[in-house]
Amino acid sequence: MEFLTDINNAFLPEIIIAAFVFINIFLSLFFNKKFYKTSQWIAILGILMSFASIGFVQAEPTYHAFANAFISNVYTVFFKSVILVASFFAVLVSHKIVRRKRARAFEYFAILFCAILAAMLLVSANDFLSSFVSFEFLALSCCLMSGLIKNYKAKEGALKYLVCAVVASALFLFGTSYIYGITGSINFDAIEVSLQGYQGSMLFALSSLLVIIAMMFKVSAVPFVNWVPDVYKGASYPVGMFLSIVPIAAGFALLSRILVIISNFVPVLGVVIIILALATIAFGAYGALRQKDMKRFAGYSTIVQSGFMLLAMGVLSPYSLAGMLYYLICFLFTNVALWAGMIMFFNSNGRDDMESYKGLAYNNPFYTTAMIFVLMSLAGLPPTSGFLAKFFVLSAIARLGFMYIIFLLVALLLGAIAVCLYFRPIKIMFEKTTETLHLTNKLVFSKFVFYFCTALTILLCMYSSKIVEFCELIAYSL
Amino acid sequence: MNILSILALIFSPAIAALLILSPVFPNNEIKIRRFAKTFGILHFIYSMLFLLFFNPTNFGWSYQKELTFLNTSWLKTLGVTATFGMDGISLVFVLLTSFLIMIALVASKSMIRTKHRIYYSLVLVLETAFLGVFCAKDIFLFLLFWELQLIPIYFLVSQWGDKTSSYSAMKYVVYTFVASMFMFLGMLVLYFYSFSISGVLTGDIESLSMSESVFALWFQAFIFFCLLLGFAVKIPIIPFHTAVAKAQVEAVTPVSMLMAGVLPVIGEYGIIRFNMGLFPEVFNYFAPILIIFGVVNIIYGACLALAQTDIKKITAYAGFVQTGFALIGLGALTELGFNGAVFQLVIAGLIISGLFMVTGVVYLRTKTREVSALGGLSQVMPICMCLGFIICFGAVGVPFTAGFIAKFMNLSGLILSDIEPQKFIVSMAVVSAIGLVLNACYILYLFHKTFFGSVLSQFKAESVQYDEDGNEITVVYPKRGITKSEIIVLSLLGIAIILFGIFPNALLDIFQVTSDVILDFMKV
Amino acid sequence: MSVIFNIGLYHYLILALILFCIGLWGVIACKDLIKVFLCVNLMMFSAALNYSAYAVYVDPEKINGVVVAIFIIVFGIINLVVSAALLISVFKYKKNLDVEKITDIKG
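Chains as they are written, first to last, in our numbering: chain Z, 1 to 478; chain X, 479 to 1002; chain U, 1003 to 1109.
FYI, nobody ran anything at the bench for these hints, they're computed from the structure. Among the hints, a few may not be true.
Unchecked claim - Keeping only pairs whose Cα atoms sit at most 20 Å apart, straight-line, the calculated PhoX-like set for lysine-lysine is:
| hint | chain 1 | residue 1 | chain 2 | residue 2 |
| --- | --- | --- | --- | --- |
| 1 | U | Lys1096 | Z | Lys466 |
| 2 | U | Lys1097 | Z | Lys153 |
| 3 | U | Lys1033 | U | Lys1108 |
| 4 | Z | Lys358 | X | Lys791 |
| 5 | Z | Lys427 | Z | Lys466 |
| 6 | X | Lys649 | X | Lys791 |
| 7 | Z | Lys150 | U | Lys1033 |
| 8 | U | Lys1103 | Z | Lys153 |
| 9 | X | Lys641 | Z | Lys432 |
| 10 | U | Lys1103 | U | Lys1037 |
| 11 | U | Lys1108 | U | Lys1064 |
| 12 | U | Lys1103 | U | Lys1064 |
| 13 | U | Lys1108 | Z | Lys153 |
| 14 | X | Lys509 | X | Lys641 |
| 15 | X | Lys962 | X | Lys515 |
| 16 | U | Lys1064 | Z | Lys153 |
| 17 | U | Lys1033 | U | Lys1094 |
| 18 | X | Lys649 | Z | Lys427 |
| 19 | Z | Lys432 | Z | Lys292 |
| 20 | Z | Lys427 | X | Lys554 |
| 21 | Z | Lys358 | X | Lys641 |
| 22 | Z | Lys427 | Z | Lys292 |
| 23 | Z | Lys427 | Z | Lys358 |
| 24 | X | Lys587 | X | Lys962 |
| 25 | X | Lys641 | X | Lys791 |
| 26 | X | Lys593 | Z | Lys427 |
| 27 | X | Lys927 | X | Lys791 |
| 28 | Z | Lys432 | Z | Lys466 |
| 29 | U | Lys1108 | Z | Lys292 |
| 30 | Z | Lys96 | Z | Lys447 |
| 31 | X | Lys587 | Z | Lys432 |
| 32 | U | Lys1033 | U | Lys1096 |
| 33 | U | Lys1037 | U | Lys1108 |
| 34 | U | Lys1037 | Z | Lys150 |
| 35 | X | Lys791 | X | Lys901 |
| 36 | X | Lys791 | Z | Lys466 |
| 37 | Z | Lys358 | U | Lys1094 |
Here the structure is a predicted model, which means the values were calculated and not measured.
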């Protein structure tokens, strides 16, 4: 029974999540009417159990499960924890959706857990087949989740997501098929072995370019980027929070593992990725600067942030990977705080255009202060963790050499533009208005998530030394 | 000397700001203001203690202390530590900052009418940012505090300023941030290239200054100009001045005082600490550029000031002229010039914030800043006139005021300079002497038009008219024309200007040794 | 002539490439959403063709590529199912499936 030890050593969290998918489906059949409120608690329980079971997973040395189709090491465990923490917050803030969906709440959580499972599988996938399957699985469950609300905009967003997702996976497949042809294997380890001594060729470069471009869909970067604000606009808030973190984290995990294998044979790949990243930041900044809707603004903000993370991928050294991981941790908490703040506002007055944030500073000073810290962190200003995160990523490029200074300069100037765009909501919050809006006090979970993550945003800047060491440790394990 | 903790000096304003913001603090305007004022005075006294126990013959950094988190350095893996320290120059600027913040807090009484809680906490956060820049011993710590200033300044300018101040605050932030991105670029490149040479990752300023001379000259020059751009916008050096001037003019008076008083000092401190301290060779090579920048600041700033009709704009451009003199002193590369530059920066901080205070007082009473609409105020507000007189004379550079000593030192430092060709130095000295005359012109013009001449009917004490919201002023205005807190502010500034005019050595002795060290390093 | 009629690896690859290009062109140019999804499936199946061709010619012992191809076919069908569900629900609101008319979210 070898697969049982495989499960025990590498797959316990995933199995628990999968079990909760079935539990949720089962409950949705029988416990329809009365017990819908318990669904959130069951989901919290599931994620906590899965998180606890991460401790039992073998991380050192690398464990190969299911005939080498999946692996488990420190790197995957780190990403799985990030995914679970992000989805934990997403579950915490989704009480409104539970109340609205009532009988369907269990279905919502079943799909959410499917997405978590898919993201975790994507992180530990070790061949083209398993990565393609989890790629599609994640895309389909995210698509269903964003189309869950009963209105037209949600469906339209989901449709746009699906079109982009299938095109991306087609490109991914087409690219990997040539790599399979060149190396004769679909397994990452075997590919690495068979590529030793390989000189590189045009076909290999083109096919790896196709794979990278397909991965850009998952990390929401140029060229697959137009869907982001539309989907976030259409989806409900907790789903938006989930989509803005989990697929991106999983995408970066896979992207970095693929890049480690192929980047040595395609020398221009680093430059291509840096250019894509800069284009992504520019696109996000340009879009966010003229945005009137807070949800779409959050979408463009996600694009900008993932552009900065992608910048670190273009360099690909242990140092830059550590920077990327630190950025991911900061991004996780900051973005959760941003979405939780938006949820608190939306649940108080049901509006999500930016104009409705007018005058918030005078009625809710504490909320506004916290929101300012969050936006400062996204902009990369001290004293928040965003500043350090940007510092790490940019210093990774500065390490490369004098030729890259032009990229560094462009990135810095784009960072300056990013500062302007994050000042815009703050400016609106301080505008005078006659309306007074007091945020409701009922949203205990959202409030907790918002203030907790904001505090972490600031604390991460101070106690960064340990975290950076930890990130470097993880990066070296790749 | 356990009571003298540099960390307490730097972070206590931020803690006080948090205290004011916290829900525990009573939401009472008077209590908040008194608390902030008392804190400002206590902080100044505390910083004076640092002067008292300062050993001026000490070569390196005094009061060094590292801020650790859970017994670990801030960014240990990168070699970046949160180490603070002071040398003579930092100490002088720290004292100036603490003094100006105290003055600004006192002056805020009559100028700030709304949102007291946020205002006072922002000013105190700004103080932490200023002090952090002066005391940072690590380039990235310096950068952190440098960028930290932007947030309070944005809110202070946009929330309490004129009608369009929101726009100008945004413009200021963008301008400064773009420039500081170039500075960031320079710092990153410097950091990694010194790593590639010495093999040690460190952001410590002292250890960085050891490894510079190995670089190629063009490469050093690249970093030098990246850094210089960041500092130039902060000072501001003339081609980069538009956003700064606009923000200074549109901000409320205490904020303009701080911006005009401390920000140029911060910029030139950066030039002294990084451009001079890290790149002595390149600085020797490019020193004439700084002199040219200084002369442009003086002449062009004076011409701009002469062309204005708004008294606050005249004051803002007067500030550029004052910093121009300091730039000349830095570029001269002589001991006299360097000491004069530091001295001039301190004095310019006092003078310009004093001038802003005078214009603020006048504007508060008359509700106009147009020169043509003012006149004869000496009869209505004689005390303000007397105190303004001292400050204006300091700005002009009349003997027995500190302005005279500072300008004398800078100009004679320039003439004594060894920079070749000699003709260039002489012509620059002549031009800046002409600038001195122009400087006197517009300040006396400002002073004359505001305080002398025939009294316009609306300013006569009997027939003073007020707006609806001017009720607080009506009590005091007909009697003395100026409130007690404003008298305190102006007289403190006036006393400081005269005091350092008579005893300049009181200030010069503090940083004598430090400037000797820096100049020795320059000659290597 | 023998080059054309002796079917080898490159024939399959070229056929797959042509199919892929047709699919890509269709995705970019077609205005009908149903056509778009069909073209995406064409792209995916061209990849499946590639995989199975390589499996036979490059990796004949393990034939991993064939497994991948089977999975591609399965997921292609799943994609069609999900997209059909979404298309029907969009069609309910809009009464047509023109790409240029499904643009309510903007700004």
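Evaluated hints:
Proposed proximity of U/Lys1096 and Z/Lys466 is contradicted: the alpha carbons are some 54 Å apart, above 20 Å. For the given pair, U/Lys1097 sits about 15 Å from Z/Lys153 by alpha-carbon distance, which is consistent with the 20 Å threshold. For the hint linking U/Lys1033 to U/Lys1108, the alpha-carbon distance of about 19 Å falls within 20 Å, and the restraint holds. With a C-alpha separation of about 32 Å, the suggested pair Z/Lys358 and X/Lys791 falls outside the 20 Å cut-off, and the hint is violated.
Among the hinted pairs, Z/Lys427 with Z/Lys466 is inconsistent with the structure: their alpha-carbon atoms are about 35 Å apart, more than 20 Å. For the hint pairing X/Lys649 with X/Lys791, the CA-to-CA distance comes to about 17 Å; that is within 20 Å, so the pair holds. For a cut-off of 20 Å, the pair hint linking Z/Lys150 to U/Lys1033 is broken: about 25 Å separates their Cα positions. A threshold of 20 Å between alpha carbons decides the hint, and for U/Lys1103 with Z/Lys153 the separation of about 13 Å falls inside it, so the pair holds.
The suggested pairing of X/Lys641 with Z/Lys432 holds, with an alpha-carbon distance near 12 Å, which does not exceed 20 Å. With a C-alpha separation of about 15 Å, the suggested pairing of U/Lys1103 with U/Lys1037 holds against the 20 Å cut-off. With a C-alpha separation of about 49 Å, the suggested pairing of U/Lys1108 with U/Lys1064 is violated against the 20 Å cut-off. Distance restraint check for U/Lys1103 and U/Lys1064: the Cα-Cα separation of roughly 48 Å exceeds the 20 Å cut-off, and the hinted pair is therefore not satisfied.
Annotation: proposed proximity of U/Lys1108 to Z/Lys153 holds, straight-line Cα distance about 10 Å (limit 20 Å). Of the pairs offered as hints, the one joining X/Lys509 and X/Lys641 is violated, with about 28 Å between alpha carbons and a cut-off of 20 Å exceeded. The hinted pair formed by X/Lys962 and X/Lys515 meets the criterion: a straight-line CA distance of about 14 Å does not exceed 20 Å. Restraint check for U/Lys1064 and Z/Lys153: the C-alpha separation of about 47 Å exceeds 20 Å, so the hint is violated.
Our distance criterion of 20 Å between C-alpha atoms is met by U/Lys1033 and U/Lys1094, whose separation comes to about 18 Å. Distance check on the hinted pair: X/Lys649 and Z/Lys427 sit about 13 Å apart at the alpha-carbon level, within 20 Å; holds. Note on Z/Lys432 and Z/Lys292: the hinted pairing holds, with a Cα-Cα distance of about 18 Å set against a maximum of 20 Å. Between the alpha carbons of Z/Lys427 and X/Lys554 the distance comes to roughly 36 Å, so the proposed pair goes past 20 Å and is violated.
About 17 Å separates the Cα atoms of Z/Lys358 and X/Lys641, which keeps this hinted pair within 20 Å; it holds. Proposed proximity of Z/Lys427 and Z/Lys292 is supported: the alpha carbons are some 13 Å apart, at most 20 Å. With a C-alpha separation of about 9 Å, the suggested pairing of Z/Lys427 with Z/Lys358 holds against the 20 Å cut-off. Between the alpha carbons of X/Lys587 and X/Lys962 the distance comes to roughly 10 Å, so the proposed pair stays at or under 20 Å and holds.
A threshold of 20 Å between alpha carbons decides the hint, and for X/Lys641 with X/Lys791 the separation of about 16 Å falls inside it, so the pair holds. Simply put, X/Lys593 and Z/Lys427 have alpha-carbon atoms about 16 Å apart, close enough for the 20 Å limit, and the pair holds. Proposed proximity of X/Lys927 and X/Lys791 is supported: the alpha carbons are some 15 Å apart, at most 20 Å. Proximity of Z/Lys432 to Z/Lys466 is assessed by CA-CA distance (about 43 Å); at most 20 Å being required, the pair is judged violated.
Taking the CA atoms of U/Lys1108 and Z/Lys292, the gap is near 10 Å; set against the 20 Å cutoff, the hint holds. At roughly 13 Å between alpha-carbon atoms, Z/Lys96 and Z/Lys447 fall within 20 Å of each other, so this suggested pair holds. Among the hinted pairs, X/Lys587 with Z/Lys432 is inconsistent with the structure: their alpha-carbon atoms are about 23 Å apart, more than 20 Å. Taking the CA atoms of U/Lys1033 and U/Lys1096, the gap is near 15 Å; set against the 20 Å cutoff, the hint holds.
With a C-alpha separation of about 24 Å, the suggested pair U/Lys1037 and U/Lys1108 falls outside the 20 Å cut-off, and the hint is violated. With a C-alpha separation of about 26 Å, the suggested pairing of U/Lys1037 with Z/Lys150 is violated against the 20 Å cut-off. In summary, the hint linking X/Lys791 to X/Lys901 is not supported, as the alpha carbons are separated by about 35 Å, beyond the 20 Å threshold. Restraint check for X/Lys791 and Z/Lys466: the C-alpha separation of about 50 Å exceeds 20 Å, so the hint is violated.
Between Z/Lys358 and U/Lys1094 the alpha-carbon distance is near 37 Å, which puts this suggested pair outside the 20 Å criterion.
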